[in-house]
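K.L.:
Those protein sequence lines, which keep their order, are chains S and P. Take 5 as the starting number for the first sequence in the numbering used here and just add one per residue. Take 5 as the starting number for the second sequence in the numbering used here and just add one per residue.
Because the hints were derived from the structure by calculation, they are not lab data. Owing to the predicted nature of the structure, the values given are computational and were not obtained by experimental measurement. Glycine included, C-beta positions come from ideal geometry on N, C-alpha and C. A portion of the hints provided could be inaccurate.
[To be verified] Coverage of chain P stretches by chain S, computed from C-beta distances (three or more under 8 Å per stretch; other residues unrestricted):
no., region
1, 96-109
2, 151-160
3, 238-252
4, 311-324
[To be verified] The calculated label-pair distances, taken between Cβ atoms and stated as ranges, are:
no., chain 1, residue 1, chain 2, residue 2, range
5, P, 205, S, 229, 50 to 58 Å
6, S, 205, P, 8, 32 to 40 Å
7, P, 9, S, 279, 35 to 43 Å
8, P, 205, S, 106, 18 to 26 Å
9, P, 78, S, 307, 18 to 26 Å
10, P, 191, S, 269, 24 to 32 Å
11, P, 312, S, 143, 36 to 44 Å
12, P, 358, S, 229, 46 to 54 Å
As a plain string of letters, each chain reads:
Number of protein chains: 2
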Amino acid sequence: MVMRKVAIIGVGMTKVGHLFSESLRSLFSKAVRSALEDAGNPKIDALYVGNMSAGQFNNQENIAALLSDFAGLNGIPATRIEEGCASGAGAIYNGFKAVASGSHDFVLVGGVEKMMDTSTCDATSIVSTVTDQEYEAFLGLSLVGINAMVMRLYMNTFDVGREPFAKFSVQMHDNASKNPYAQFPFKTSMDKAMNSNPVAEPIHLMDCAPLGDGAAALILCPEEYAKKFTSSPVEIIGAGHGMDTFIFHTRDDFLSLKAIRDSARDAYRMAGITPGKVDLMEIHDSFSITAFLTIEDLGFVEKGATGQAIDEGLISLDGPLPVNPSGGLKARGHPIGATGVYQMAEVVLQLRGQAGARQVPGAETGLTNNISGFGASSYVHILRG
Amino acid sequence: MVMRKVAIIGVGMTKVGHLFSESLRSLFSKAVRSALEDAGNPKIDALYVGNMSAGQFNNQENIAALLSDFAGLNGIPATRIEEGCASGAGAIYNGFKAVASGSHDFVLVGGVEKMMDTSTCDATSIVSTVTDQEYEAFLGLSLVGINAMVMRLYMNTFDVGREPFAKFSVQMHDNASKNPYAQFPFKTSMDKAMNSNPVAEPIHLMDCAPLGDGAAALILCPEEYAKKFTSSPVEIIGAGHGMDTFIFHTRDDFLSLKAIRDSARDAYRMAGITPGKVDLMEIHDSFSITAFLTIEDLGFVEKGATGQAIDEGLISLDGPLPVNPSGGLKARGHPIGATGVYQMAEVVLQLRGQAGARQVPGAETGLTNNISGFGASSYVHILRG
């Protein structure tokens, strides 16, 4: 494949939350307008949008044509990617390839999920449709159930308690308290995190990402054009897409996610870097245990050692490897199909030095990781400012 | 964009119908196995799957990872494209670009829809979610309602009766009677077509495509590798993706579909041919009126003249431009997200000379057209045998 270098020249996000005054289309349009304004209003050639389930949440399919029309982009080719919780990164990956291959020059990549117009009970049930309906969800094994079993196994295998997981969540809320786009922009405490209600033992409420509405957008173009639009383009230097078996019980190893390992290997190779070169990252902490496995499978710490590394300050904003300066899925929020795009928008702001109170000083290289289900698929992207 | 020539080296289809003994995954796997066998079992590098609404029909999202795993293709990058009724062609278009750009060599493109596990009433309602939920579907304007208004306008504008539309449907059933994959492989009569129950006047039952389950698959690779696998590769020589406004009432012209015109223009240009060079085509006759507009917007007859052209034998199997030798959506069936892939599989069989009793003699160039909603988007592909 003949590759052009690809830059991000614009980002846009809505605050995540229970946005009852917004619809699927109004949310998406807001993110698009912000991204276009941020990029200096280039003419867009194509749209890729990530969304998990407008069908179930909003009784609306065929959404690429709808969203492009209502966002004022009618007429350009528009494509929806669905890949569960990784739909956002899937849209980025396909948009990246479209620009890299020369298929399109200016590509808008968006992600949107409008989840809160259904009941919390229905929304939780819909989120479970990213797992296997026949072997898992229908039998009552929800995503939180899978994560609870894995967290128990992790705790037993590596002899750790719930404290390191709670500490991760406290850090996420610390970060979110400095993020104007965050759903929960407030700090919490170890006491509150440890004593929050149990959801599926050993997972408590403060180990879980919330439900929420949100939309985010990016504008990609060939690096050679980027300087016309911004003085601080951010380049996508690595991209990888990994897969694993779909059903949890068919995995070789319950404490390691092959899809993350494979996507990271490919992204590091394309970028020509080792994990040590990464200055900060946005990862998929749908549950605190998922974050632990991810930090390990991305190659930053040994299996079982994440808790100790957090204790030693690894992931804090002023530590050697800040994780989720946005507050992550836990506290920035997790509007499913938009999450991968939020992750990348945050890293772009960080690499531009525009992340305000949550800025990681001197960040030059950032990584994003977005997974579907319990790691049935995974995308890793690496950015350089 | 640096383009490699792309060939189709394998096709697979299930018979369309109410397949109560099949699931989403078993259906898809059958089509994949047939396509792999047809191509001589190449090693597949990536999967693109078109599906409209496994979320609403089957309570299942994240289906690319699921389907690749159950079809025995675990580990390769798998991507789901959702674009309403054009999801199948959307998957083809993205698979075509992946091979053309050099991103992947051997790409499996599939389409699947398992619609009949819900009630007919629910399925009809779900199909309406490809139209605008806020401005159309919620207010009772279903897809058949839109088509009925357009058919009435067409009949008034061009002073034609229902007979030419019925004649189209009779031709579709004639063709399907020769197709082992067809949902309705039987002939019908003008009397039966004219006197079938009204659905939304002037549309009667025999003007409508049925609901049904089905899956189809294609294997694409660079043309330079194709000869190793088949003595009769079929080349994709043109591809176009057109868009229109999403809501019906915002269109400039209710009797012409801009998305079809634009996608056809781009596909003809890429192929370097005029409509006159097309030997046969598979088009999107979700309703007989849709077929009339399509035949006109693809550039084959003047506006309003399709009925007369059908009377003169234009579209019959031994006519100058056979339309839907498979029986079309009307009689081969319309498993929504799979339809675009069925269309292309049929054209491949025709260009190979393997279409049995429905073979169009000497066919060298074929065209497919797959649209979403009432032409919110459209794909045209042109194939050469």
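K.L.:
Next, verify each hint and record whether it holds.
P.N.:
How the hints compare with the structure:
no.: 1; hint: 96-109; verdict: holds (count 6)
no.: 2; hint: 151-160; verdict: violated (count 0)
no.: 3; hint: 238-252; verdict: holds (count 6)
no.: 4; hint: 311-324; verdict: violated (count 0)
no.: 5; hint: P:205 x S:229: 50 to 58 Å; verdict: holds (54 Å)
no.: 6; hint: S:205 x P:8: 32 to 40 Å; verdict: violated (54 Å)
no.: 7; hint: P:9 x S:279: 35 to 43 Å; verdict: holds (40 Å)
no.: 8; hint: P:205 x S:106: 18 to 26 Å; verdict: violated (50 Å)
no.: 9; hint: P:78 x S:307: 18 to 26 Å; verdict: holds (23 Å)
no.: 10; hint: P:191 x S:269: 24 to 32 Å; verdict: violated (58 Å)
no.: 11; hint: P:312 x S:143: 36 to 44 Å; verdict: violated (59 Å)
no.: 12; hint: P:358 x S:229: 46 to 54 Å; verdict: holds (47 Å)
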